Amino acid sequence: MIASLFVKPTETSPKVVFDPKQGIFEISGESKPADCREFFGKLMSWLDEYKKVFIKRKKLVTGHGKLNLTLKLDYFNSTSAVYLLEVIRFFERLWEEMYNAKVLWYYQEIDEDMKETGEEFSSLVKLPFEMIVINEGLLIEATKNTPLVNFDVKKKVFGINGKSFPENADEFYTPILQWIEVKGNEYVKASSVFNFHLAYINTASLKALRRMLELLEKLHSASVHFEINWFYADEEELEEARDLAVNISLPIKYHLTD
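Residue numbers for the sequence shown follow this note's numbering, so the first one is 1 and each next one is one higher.
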């Protein structure tokens, strides 16, 4: 039995989970590694070995009898696109050999570019593509330099948690700001809660967070009165948070963490 492949996400490379037992073949997050050839080479080597092992047994065993390649990418550069197509074509070859394979392409409803890219990939292969729109909340996995962003519309809890000093703060925060602008009126309701639990915030992130508070201020009204909690570890973080919210008329509650 070939061992599963797990690759933790970084600020420049995606999370990878190839787990045949569970029937999971997923790549998610952002992909702009310094050496795309090396990063994706490891993935292709694993896939080639996986195929060799199970072809010998006359079948490709997965937890659900399916070989779905799940792609949940927030961003990828042009070099990554070349290698992603190589991964997709690996699954296409399995499909051509009569295995039950397809691509599940996830994209945020507000991200037209990612939708069009998925459609373009689909046009380049015969492998079935299923386009899946994410039209509710927003989930961005944390890295060592960027926070976890989890906007859960069902629970009405919207959280940003972790360190925030991305290499490109505009690029990181743009989808978050777009979500608030486009989806805020629909999903931010009375009794919603925003939790900010941030540390090590760089200057560029502070500008983006200020813009976020301004957008939330527009949403806040007597009829849509939501709660904002800002967690801080020391007086310096508290002062930074209060400076960020100067002239912002939002009911922000500050909480000292242990």
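Worth double-checking, as some hints may not be accurate.
Unchecked claim - Straight-line alpha carbon distances no greater than 25 angstroms define the calculated DMTMM-like cross-link-like pairs of lysine to aspartate or glutamate that follow:
#	residue 1	residue 2
1	189	113
2	32	19
3	102	49
Everything labelled a hint here was simulated from the structure, so no lab data went into it.
No experiment lies behind these values; they were computed from the predicted model shown.
Status of the hints after comparison with the structure:
1. 189 / 113: Violated - the C-alpha atoms of residue 113 and residue 189 are around 28 angstroms apart, more than 25 angstroms.
2. 32 / 19: Within the cut-off at roughly 23 angstroms; holds.
3. 102 / 49: 20 angstroms, holds
Checked against the numbered hints above, the structure breaks only hint 1 and satisfies the rest.
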